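With these hints in hand, go ahead and build the complete structure from the sequences.
Chains as they are written, first to last, in our numbering: chain C, 1 to 132; chain A, 133 to 501.
Warning: the hint list may mix true and false statements.
[What the hints assert, rightly or not] So the derived label-pair ranges between C-beta atoms look like this: (1) C/Val82 with A/Ile480: 51 to 59 Å; (2) C/Arg19 with A/Ala274: 54 to 62 Å; (3) C/Arg19 with A/Gly196: 51 to 59 Å; (4) A/Met287 with C/Asn51: 55 to 63 Å; (5) C/Val82 with A/Tyr413: 52 to 60 Å.
[What the hints assert, rightly or not] Residues from chain A that face chain C, not an exhaustive set, calculated with beta carbons under 10 Å: (6) Pro245; (7) Pro246; (8) Val248; (9) His335; (10) Arg338; (11) Pro343; (12) Ala349; (13) Thr437.
[Said to hold, decoys possible] A partial selection of chain C residues facing chain A, derived with a Cβ cut-off under 7 Å: (14) Val3; (15) Val6; (16) Asp45; (17) Gly47; (18) Asn49.
Hints are computed from structural coordinates only; laboratory data are not their basis.
Computed from a predicted structure; not experimentally measured.
The beta-carbon is built from N, C-alpha and C at its ideal position, and this holds for glycine as well.
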Amino acid sequence: MPVLVVRGSSEPVYSQIARQIRERIVAGELRSGRSLPAVRTLAQDLGVNLNTVARAYRQLEEEGFVRIRERSGAEVVPPPPVPTGADRERMTAELRKLFARMRQAGLVPDELRRIAEVEIGRLAGQSPRGSS
Amino acid sequence: MSRVLFLQFFMEVVATAAIFAVLPRIARRGLLFGVYVGAEGWSSAAARAVTTAWYRWMAMVTVGSLVLFAAAARWWSETGAFLAGSLVLVFGCLFAYFRSHYAARRLALDTPPPAVTLLDDEPPAAIGIPLLTVALVVLAVAGMCAYAMAHYGEMPERIPVHFDAEGHPDGWASKSVFQVLLLPAMTLVFGSFLGVMAVMLLHAKRGLRHPGTVASAEAGRRFRSAISRFLCGMTVAVTGMFALIHVGQVRAALGDEASLEPLVFVVAIGMTALSVAGVVYLMARYGQAGARLEEAGGAASGELTDGLADNRFWKWGLFYINREDPSIFVEKRFGLGYTINLGNPRAIALIVGFFLALIALVVVAAVLG
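So, in structure tokens, the structure goes:
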């Protein structure tokens, strides 16, 4: 399961690492309980600073996808329970706020729709986060 | 010319030239004389022309070195012949390398391929053999110390500390505990360093390909294990050799001056033959960092990535300098084995520490002697 990093890309290296791992988790390729390699292993392979990989792992932890272990590596955590009515309402409210901020920043509704479609399209065909 | 000297030089030239000459044959696909030229460029006619020129130069260097050695030995001196022949060999190989390297740079990729890593689990590195090796070194050194100290009282006030090519003492020093224990101390420093290296090499930076990443990782893992075992074997051999010399030295100090003679042949020929045999086996079986396993597994068509593929991190194709990279050991781009990441202060500290320890021992011995 390779992770590719392009130097000089507009997307920071830590973000490239976090995004690809996130995509694998969402697609069910990395199931809950599965260990991720040690920070040093990834940093050595990619020729990047240890902090860069650690930052990617921290971001994934903040997003709730992984749990960082005592000794460097990380572990994929189980998916959250199926959202209840109240959860869905809270998530929708968050999304509403986000769209409002983007609209305030000058994005027209057509652009917002396109962004939403692209993101939903990315998720299409991917199974929800699986559990072991 | 002494038989030992001639055999030593002959083996040195033949082994060095033969090993250097065939290095392009074992190279990982994409690496041409320390330059990453891409999988496609590697198979081009231009790349083949660079390699052919290398073979021609290496043949000239080998013949030139042997002819100069024979001529100098005949009309000058044995030491001069050895020195002159060796210099021609070393500088000839360097010249041939840099000539080929700069030719290969014209084929270098403009943009390096992306860096790649794997999220798959890799079997834990087997550090049992290296640890056992270090334990053997410590035991051998303890034995050497015990043997020397058991005979310390019988030794005269002046003891032999240096021996000529035939194994006869030609340098003496005042007897002291440090002088007697110098060789065991050097054995400990040398053996421990090699043992630690054997462990560290198991965790060296992986030279991965994409696509074919999983297969190239497996080929690299097997190669790292093999070279670690080879290093352990060499450590045991070197320790054994030092232990034998030590026993010979103690015997010589006790008046048995012929005690080192049978060891000269072992020292001069045996160690060279052993290391050459090991290197040749690794080259034939694995190729550069597992290149042959990659070829056999069909993983060699992918592009190499990051550490090996990014030409910006390499100086003359020999020195890897990446301040961001936490790696200490990195695959060589030309030849068999590993080099250090000169951008990592820990790697530099390791090498400097080793040499400082050896130099300190020699200096203290010289002062006390």
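We went through each hint and held it up to the structure:
1. C/Val82 with A/Ile480: 51 to 59 Å: Cβ of C/Val82 to Cβ of A/Ile480: about 55 Å, so the range 51 to 59 Å holds.
2. C/Arg19 with A/Ala274: 54 to 62 Å: The hinted range 54 to 62 Å holds for C/Arg19 and A/Ala274, with Cβ atoms some 55 Å apart.
3. C/Arg19 with A/Gly196: 51 to 59 Å: 57 Å, holds
4. A/Met287 with C/Asn51: 55 to 63 Å: 58 Å, holds
5. C/Val82 with A/Tyr413: 52 to 60 Å: 59 Å, holds
6. Pro245: 9 Å, holds
7. Pro246: It holds, given that the least Cβ distance between A/Pro246 and chain C is near 4 Å, below 10 Å.
8. Val248: For A/Val248, the interface hint holds, since the closest Cβ of chain C sits about 5 Å away, which is under 10 Å.
9. His335: 8 Å, holds
10. Arg338: 6 Å, holds
11. Pro343: 8 Å, holds
12. Ala349: The hint holds - A/Ala349 has a Cβ within 10 Å of chain C, the shortest such distance being about 9 Å.
13. Thr437: Since chain C brings a Cβ to about 8 Å from A/Thr437, closer than 10 Å, the hint holds.
14. Val3: Holds: closest Cβ of chain A sits about 5 Å from C/Val3, inside 7 Å.
15. Val6: 5 Å, holds
16. Asp45: 4 Å, holds
17. Gly47: This hint holds: C/Gly47 lies near chain A, its Cβ roughly 4 Å from the closest one there, short of 7 Å.
18. Asn49: 5 Å, holds
Every hint, counting from the list given before, is met by this structure.
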